[in-house]
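Read in order, the letters of the sequence shown are residues 1 to 630 in the UniProt record's numbering.
These aren't lab readings, by the way, just hints derived from the structure by calculation.
By construction, the Cβ of each residue, glycine as well, lies at the ideal position given by its N, Cα and C atoms.
A few of these clues could be false.
Straight-line C-alpha distance at most 27 angstroms; calculated DSS-like pairs for lysine-lysine [said to hold, decoys possible]:
| hint | residue 1 | residue 2 |
| --- | --- | --- |
| 1 | Lys82 | Lys250 |
| 2 | Lys71 | Lys30 |
| 3 | Lys414 | Lys374 |
| 4 | Lys351 | Lys406 |
| 5 | Lys30 | Lys84 |
| 6 | Lys318 | Lys351 |
| 7 | Lys351 | Lys93 |
Ranges of calculated distance between the beta carbons of each label pair, as one might list FRET restraints [to be verified]:
| hint | residue 1 | residue 2 | range |
| --- | --- | --- | --- |
| 8 | Lys250 | Ser363 | 53 to 63 angstroms |
| 9 | Ser610 | Ala41 | 49 to 59 angstroms |
| 10 | Gly477 | His356 | 17 to 27 angstroms |
| 11 | Lys414 | Glu490 | 45 to 55 angstroms |
| 12 | Pro570 | Ser610 | 44 to 54 angstroms |
| 13 | Leu312 | Asn440 | 48 to 58 angstroms |
| 14 | Leu39 | Ile244 | 47 to 57 angstroms |
| 15 | Lys93 | Asn164 | 49 to 59 angstroms |
| 16 | Glu490 | Ser184 | 55 to 65 angstroms |
| 17 | Glu444 | Leu312 | 43 to 53 angstroms |
| 18 | Glu569 | Gly448 | 26 to 36 angstroms |
| 19 | Phe327 | Arg625 | 25 to 35 angstroms |
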Amino acid sequence: MPSNKKFIIDFDSTFTQVEALDVLGEISLKNDPNRKEKLQAIKDITDMGMDGSLNFRESLERRLSILEASKPQIDELIDALKAKVSKSFKRNKEFLQEHADDIIIISNGFRDFITPIVSEYGIKPENVFANEFIYDESGKIIDFNRENVLSNNGGKAETIKRLNLEGDIYVIGDGYTDYEIKASGLANKFYAFTENVERAKVTAKADHIAPSLDEILYVNKMNKKFSYPKSRINVLLLENVHPIGIELMKQEGYNVEVISSALSEDELTEKIKNVSILGIRSKTNVTKKVLENANRLISIGAFCIGTNQIDLETCTEKGIAVFNAPFSNTRSVVEMAIAEIIFLMRNFHDKSLGMHQGKWDKSATGSFEIRGKKLGILGYGNIGAQLSVLAESMGMDVYYYDVIEKLALGNATKLDSLDELLLTCDVISLHVDGRKENKNLINEAKIGLMKNGAYLLNLSRGHVVDIKALKKALDSGHLAGAAIDVFPEEPKNNNEPFVSELIGTRNTILTPHIGGSTLEAQQNIARFVPGKIMDYINTGNTFNSVNFPNIQLPFLKDAHRLIHIHHNEPGVLAKINQCLAKHEINIVGQYLKTNEKIGYVITDIDKAYSPEIIEVMKKIPGTIRFRVLY
Numbered sequence: 001m002p003s004n005k006k007f008i009i010d011f012d013s014t015f016t017q018v019e020a021l022d023v024l025g026e027i028s029l030k031n032d033p034n035r036k037e038k039l040q041a042i043k044d045i046t047d048m049g050m051d052g053s054l055n056f057r058e059s060l061e062r063r064l065s066i067l068e069a070s071k072p073q074i075d076e077l078i079d080a081l082k083a084k085v086s087k088s089f090k091r092n093k094e095f096l097q098e099h100a101d102d103i104i105i106i107s108n109g110f111r112d113f114i115t116p117i118v119s120e121y122g123i124k125p126e127n128v129f130a131n132e133f134i135y136d137e138s139g140k141i142i143d144f145n146r147e148n149v150l151s152n153n154g155g156k157a158e159t160i161k162r163l164n165l166e167g168d169i170y171v172i173g174d175g176y177t178d179y180e181i182k183a184s185g186l187a188n189k190f191y192a193f194t195e196n197v198e199r200a201k202v203t204a205k206a207d208h209i210a211p212s213l214d215e216i217l218y219v220n221k222m223n224k225k226f227s228y229p230k231s232r233i234n235v236l237l238l239e240n241v242h243p244i245g246i247e248l249m250k251q252e253g254y255n256v257e258v259i260s261s262a263l264s265e266d267e268l269t270e271k272i273k274n275v276s277i278l279g280i281r282s283k284t285n286v287t288k289k290v291l292e293n294a295n296r297l298i299s300i301g302a303f304c305i306g307t308n309q310i311d312l313e314t315c316t317e318k319g320i321a322v323f324n325a326p327f328s329n330t331r332s333v334v335e336m337a338i339a340e341i342i343f344l345m346r347n348f349h350d351k352s353l354g355m356h357q358g359k360w361d362k363s364a365t366g367s368f369e370i371r372g373k374k375l376g377i378l379g380y381g382n383i384g385a386q387l388s389v390l391a392e393s394m395g396m397d398v399y400y401y402d403v404i405e406k407l408a409l410g411n412a413t414k415l416d417s418l419d420e421l422l423l424t425c426d427v428i429s430l431h432v433d434g435r436k437e438n439k440n441l442i443n444e445a446k447i448g449l450m451k452n453g454a455y456l457l458n459l460s461r462g463h464v465v466d467i468k469a470l471k472k473a474l475d476s477g478h479l480a481g482a483a484i485d486v487f488p489e490e491p492k493n494n495n496e497p498f499v500s501e502l503i504g505t506r507n508t509i510l511t512p513h514i515g516g517s518t519l520e521a522q523q524n525i526a527r528f529v530p531g532k533i534m535d536y537i538n539t540g541n542t543f544n545s546v547n548f549p550n551i552q553l554p555f556l557k558d559a560h561r562l563i564h565i566h567h568n569e570p571g572v573l574a575k576i577n578q579c580l581a582k583h584e585i586n587i588v589g590q591y592l593k594t595n596e597k598i599g600y601v602i603t604d605i606d607k608a609y610s611p612e613i614i615e616v617m618k619k620i621p622g623t624i625r626f627r628v629l630y
C-alpha cells in the first residue's frame with residue numbers, strides 16, 4: 001500500500017460486529033429487574049445516534065446513565081469484544097499488521113476497551129483516538145472526559161483536522177459521524193461498511209458501499225490475501241433454502257439473493273449471467289442452455305440428495321463444481337417410509353378420510369401388522385440401507401436389490417434381480433437415483449410381477465414409476481395401496497395446483513415431495529452444502545463434490561494456492577510446471593486428481609506471483625478454468 005494512503009476506521013459495528021455499549025449493558029445490567037427494557041433503550045439510543053437523528057453527546061450521556069457500569073465490567077467487555085471482531089478484519093489481520101502506520105482508529109467509543117482489542121491486530125495505541133471513561137474511587141463509571149474532542153458533536157471531523165494528515169484519506173465506518181468526515185472535506189472517500197449493520201441514511205451518503213474489508217482492499221488494489229473479494233461473489237438461492245444456509249453465505253461475505261420458488265429454464269438462463277454460486281433444491285432444472293449463459297458460475301449446491309436435475313456433464317466441461325447433501329436428510333426419509341408402511345398396511349389413510357366424512361368403519365378387514373412381512377428395498381444406498389436396519393428392528397424380513405454390489409446390513413438378504421424382489425415381497429420401497437435409465441423402471445409389466453395385495457412406496461424420483469400403470473393396479477385391486485411422495489411433474493411452488501391421476505385413489509397416500517422436509521433435515525442440509533461450497537472456494541477442496549475429482553487439503557498459510565482445472569489429457573501437469581519453472585517459482589506442494597473427464601491440480605507456491613504467470617497458466621492448452629485463491 002502506498003504510504004500516501006491513510007485509512008480511518010470506525011470501531012463499533014465496523015472493526016467489531018457489535019456496538020460495545022450495547023454489550024456492556026448486557027454485562028452491567030445482568031441482574032437488573034428491568035434489564036430487557038433498559039437494553040432496548042440503549043439500542044434505540046445507539047441507533048438514533050448512528051443514523052444522525054440524535055446528536056452524539058446526548059446519545060452518549062443517555063446511554064451511560066442507563067448503564068451504571070464499573071471498571072471490572074470493562075475487562076469482561078474486552079473479552080466479549082475480542083470474540084466479536086468482524087470476520088473480514090480477522091481475515092485481513094496480516095494486512096492490518098503490515099500497514100499499521102497508515103491505519104488510524106477514530107471512534108466515539110472508548111479507549112478503555114478499544115486499544116486492547118485493536119492492538120492485537122498490530123494497530124498502534126498512538127493511532128487510536130477515542131473517548132475516555134471517568135471512574136470514581138470505587139471504579140464506577142461516573143462520566144466521560146468532556147474535554148476530549150470526540151465527546152462533542154462533529155468530534156471525528158475535528159480529530160482528523162487536528163491530525164493534519166498528508167496524502168489520501170479513506171474513511172471506513174457504518175455511522176453518520178463517519179460520513180461527516182467526508183462531508184467536512186477532510187477525506188477523499190467514505191466507505192459505508194455494511195458487513196454487520198446497514199443504515200439507509202448512511203449508505204445513501206457513501207462513495208462506495210463495502211460489504212466487507214475485502215471489498216475495500218480489492219477496489220484499491222491492495223488485496224493480497226484473497227484474489228477476489230467475497231462481496232463480489234453473487235449467490236442465488238432458490239426454492240426456500242433454509243435460513244441457516246442463507247445466513248451462512250451472508251456471514252461469509254457473499255452477496256446473496258433469495259427467491260422462494262423454482263425458476264423456469266428461460267428465467268434461470270437470464271438470471272444466471274452474473275451468478276457465482278447457485279443453490280437449488282429438486283424442482284429447478286440446471287440445463288445445458290442455462291449453463292451456457294453461466295460464465296461466472298463457480299459452483300452449484302443441490303440442497304437435497306439428488307442431482308439429476310443438473311446437467312453434470314456440462315458443469316464438468318465448464319469447470320463448475322457441484323455439491324449435494326447425500327446424508328443430511330436420510331433419517332427423515334426413512335422415518336417417513338416406516339410410517340407409510342404402517343399406514344398402508346393398517347389402511348389408516350382411508351379410515352381417517354372416512355371419519356372426516358362422518359363414517360364409522362370399525363373393521364379389521366385389510367389391516368395387518370408389519371411384523372413378519374417381507375420388505376423389498378430397491379436401491380441399497382444411504383436411505384435404503386438405513387431403512388433396512390429400522391424395518392428389521394420392527395420385525396420385518398428385509399430383502400434388497402441394487403445394481404451395485406452392496407454389503408447387507410443386519411439380516412437383510414440380497415436378491416439377484418429386480419424381478420425376484422418384486423415376486424418375493426409384500427412391500428416394495430423405491431430408493432433409486434434419478435438417472436434417465438430409471439424412467440418408468442416400475443412399469444405395467446413390473447407391477448404385474450408384484451404379489452396380489454402388495455404395497456408400493458416411491459420416495460425416490462417421480463419418473464421412476466409409470467403413474468398410469470400404478471393407477472390401473474390400484475383400481476383393479478392388484479395392489480392394496482401405495483404411498484407416493486414424488487411425481488413426474490410437480491408444481492414449481494406452493495401457489496401452483498397439483499394435478500395427478502392418483503388423486504382420490506383408494507388407500508393411496510400422496511405427499512408433496514416432503515420426504516426430507518423436516519426441520520432437522522433442512523437444518524443439516526443448510527449447514528452441509530454451504531460448508532462444502534465455501535471450503536471449495538477458500539481452499540480448493542473438492543471432497544464430496546458430485547462431479548469433480550475429490551481432493552481435501554487444509555487452509556494454506558504463508559504461501560499462494562493456484563487452482564487449475566483442465567481436460568483430462570496427457571502432458572498438462574508438465575506444462576503447468578514448466579510455466580512455473582520458467583518464472584522461477586518454487587512449488588511448495590502439488591496435488592493432482594483426475595476422473596474420466598477432467599484433471600484437477602492444486603499447486604502451492606512460496607513466491608509472489610505476477611499477472612503474467614496468471615495469463616500464461618490460463619492459456620495452457622486444455623485449460624477449462626484457472627483461479628488464484630490467495
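How the hints compare with the structure:
1. Lys82 / Lys250: Holds - the C-alpha atoms of Lys250 and Lys82 are around 21 angstroms apart, at most 27 angstroms.
2. Lys71 / Lys30: Measuring from Cα to Cα gives roughly 15 angstroms; hence the hint holds.
3. Lys414 / Lys374: 13 angstroms, holds
4. Lys351 / Lys406: 39 angstroms, violated
5. Lys30 / Lys84: Satisfied, since the Cα-Cα distance of roughly 19 angstroms is no more than 27 angstroms.
6. Lys318 / Lys351: 53 angstroms, violated
7. Lys351 / Lys93: 66 angstroms, violated
8. Lys250 / Ser363: 53 to 63 angstroms: With a Cβ separation near 56 angstroms, Lys250 and Ser363 satisfy 53 to 63 angstroms, so the hint holds.
9. Ser610 / Ala41: 49 to 59 angstroms: 56 angstroms, holds
10. Gly477 / His356: 17 to 27 angstroms: Distance hint for Gly477, His356 holds at roughly 24 angstroms.
11. Lys414 / Glu490: 45 to 55 angstroms: 33 angstroms, violated
12. Pro570 / Ser610: 44 to 54 angstroms: 28 angstroms, violated
13. Leu312 / Asn440: 48 to 58 angstroms: This hint is violated: roughly 22 angstroms between Cβ atoms.
14. Leu39 / Ile244: 47 to 57 angstroms: At roughly 26 angstroms between Cβ atoms, Ile244 and Leu39 fall outside 47 to 57 angstroms, so the hint is violated.
15. Lys93 / Asn164: 49 to 59 angstroms: This hint is violated: roughly 29 angstroms between Cβ atoms.
16. Glu490 / Ser184: 55 to 65 angstroms: 59 angstroms, holds
17. Glu444 / Leu312: 43 to 53 angstroms: Violated - the Cβ-Cβ distance for Glu444 and Leu312, about 31 angstroms, lies outside 43 to 53 angstroms.
18. Glu569 / Gly448: 26 to 36 angstroms: 49 angstroms, violated
19. Phe327 / Arg625: 25 to 35 angstroms: 28 angstroms, holds
Of the numbered hints listed earlier, those contradicted by the structure are 4, 6, 7, 11, 12, 13, 14, 15, 17, 18.
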